[in-house]
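2 protein chains.
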Amino acid sequence: MELTEKKLSGELKYSGVIVSVTLDQVELCDGEKTLREVVHHPGGVGVLPLDTDGNCYMVRQYRYPVGAPVLEIPAGKIDHHDDHLATAVRELSEETGFTADEYIDLGCCYTSPGYTDEIIHVYLARGLHRGKSHLDEGEFLNVEKMPFEALFGMVMRNEIIDAKTVIAASKAKLWLQGQTGQK
Amino acid sequence: MELTEKKLSGELKYSGVIVSVTLDQVELCDGEKTLREVVHHPGGVGVLPLDTDGNCYMVRQYRYPVGAPVLEIPAGKIDHHDDHLATAVRELSEETGFTADEYIDLGCCYTSPGYTDEIIHVYLARGLHRGKSHLDEGEFLNVEKMPFEALFGMVMRNEIIDAKTVIAASKAKLWLQGQTGQK
Chain Y
17 MELTEKKLSG
27 ELKYSGVIVS
37 VTLDQVELCD
47 GEKTLREVVH
57 HPGGVGVLPL
67 DTDGNCYMVR
77 QYRYPVGAPV
87 LEIPAGKIDH
97 HDDHLATAVR
107 ELSEETGFTA
117 DEYIDLGCCY
127 TSPGYTDEII
137 HVYLARGLHR
147 GKSHLDEGEF
157 LNVEKMPFEA
167 LFGMVMRNEI
177 IDAKTVIAAS
187 KAKLWLQGQT
197 GQK
Chain L
17 MELTEKKLSG
27 ELKYSGVIVS
37 VTLDQVELCD
47 GEKTLREVVH
57 HPGGVGVLPL
67 DTDGNCYMVR
77 QYRYPVGAPV
87 LEIPAGKIDH
97 HDDHLATAVR
107 ELSEETGFTA
117 DEYIDLGCCY
127 TSPGYTDEII
137 HVYLARGLHR
147 GKSHLDEGEF
157 LNVEKMPFEA
167 LFGMVMRNEI
177 IDAKTVIAAS
187 KAKLWLQGQT
197 GQK
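Top line first, the protein sequences correspond to chains Y and L. Note that the working numbering has the first sequence beginning at 17, numbered continuously upward. Note that the working numbering has the second sequence beginning at 17, numbered continuously upward.
With the rest of the complex left out, here is chain Y (with noise of 0.2 Å):
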């Protein structure tokens, strides 16, 4: 059996700052008909950026979904004409300062394709340079510099657990064991 879905009708649900929610009712494989409801965000970026001593750069931010501040990679929400890689370059510039002179490609994700299309594309930065950070209105942080293998370590103990900061801590683990020769 095929495994496909066909739209038949849709509505939007709501249209907010950040997401839209549109309820779609669908035709199955077997040709029973049933609701699909989906979340529509506009897709992010999530940029690791570790230093030739060892040492990356995170950030600390309050984040109201979770009641709580979490400590994630530099991050943020792909504006309307930009590619992945410029709002990589802008995130990392404006929440902690930096220039890289490489963007490793570390891959994306569908952070929960049940329910959203949102797509997270993450990189690794290399060749740091230190500059200013420029927050945008209303968005508070704090950056923390910490080894990497502390960065993994918390990963490893389930201390960071944030998505997009455990695949791309994993990816750069992973990719900097295959530059070294490791298995």
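Rather than coming from a laboratory, the hints here were simulated on the basis of the structure. Among these hints, one or two may not hold up.
Since the list can't tell identical chains apart, any single copy or any two copies may satisfy a pair.
Derived pair list, reagent style DSS-like, types lysine-lysine, alpha-carbon separation capped at 25 Å [said to hold, decoys possible]:
#1 Lys93 with Lys23
#2 Lys22 with Lys93
#3 Lys49 with Lys23
#4 Lys49 with Lys93
#5 Lys161 with Lys22
#6 Lys22 with Lys189
#7 Lys29 with Lys93
#8 Lys189 with Lys49
#9 Lys29 with Lys161
Put chain L on the given structure of chain Y with help from the hints.
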């Protein structure tokens, strides 16, 4: 400056099948006011089932929000009264038919804490016993057996991009390396 935001008032903007959306007025840490949009989700689990021959069992299903079939670890939403482990046991059985002797906790993740409270817990299931799958109505998926190393390769080549699957595979890889004494 303390990183916190205080709710001043809230409005339910949408109440749906899986998610609801609220729009709250909040006070930022500098005393200014802004709006925070939150997508509320019940949370979920993902389970990576790994047999003694090094094979894992994945599910491929059409994900309407992203408009494509997606290869993922077996997973599902938390029901009203269930805890994470009970949900993991139930979803593994429903989608693949397997029961497992051991569920290793690989931690949890916020899928996108900038706009949703969704948390997904991931497990590595070992000591598998075959049974019969029993899908929910309207649920169509194919179970695909593959060597764990093949899955891991697909993650590293960005051929698998579901966040919980990337996180489970990366953490399982590093956990298995730890078991065999590799660094």
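Right, here's what the structure says about each hint:
Taking the shortest alpha-carbon separations for lysine 93 and lysine 23, only the inter-copy value of 23 Å comes in at or below 25 Å, while the best intra-copy value is 27 Å. Taking identical chains as interchangeable, the C-alpha atoms of lysine 22 and lysine 93 lie at most 25 Å apart only when they sit on different chains, with a minimum of 23 Å there against 29 Å within one chain. Only within a single protomer do lysine 49 and lysine 23 lie at most 25 Å apart by alpha-carbon distance; the minimum there is 10 Å, versus 40 Å between protomers. In this assembly of identical chains, the alpha carbons of lysine 49 and lysine 93 lie at most 25 Å apart only when taken from different copies (21 Å versus 34 Å within one copy).
With identical chains, the CA atoms of lysine 161 and lysine 22 are never at most 25 Å apart, being 48 Å at best within one copy and 27 Å at best between copies. Proximity of lysine 22 and lysine 189 under a CA criterion of 25 Å is satisfied in neither setting, with 40 Å inside one chain copy and 37 Å between copies. Proximity of lysine 29 and lysine 93 under a CA criterion of 25 Å is satisfied in both settings, with 22 Å inside one chain copy and 22 Å between copies. In this homomeric assembly, lysine 189 and lysine 49 never come within 25 Å of each other (Cα to Cα): the closest approach is 45 Å inside a single copy and 40 Å across copies.
For the homomeric pair lysine 29 and lysine 161, neither the shortest alpha-carbon distance inside one copy (42 Å) nor that between copies (39 Å) is at most 25 Å.
The structure fails hints 5, 6, 8, 9 (numbered hints given earlier, in ascending order).
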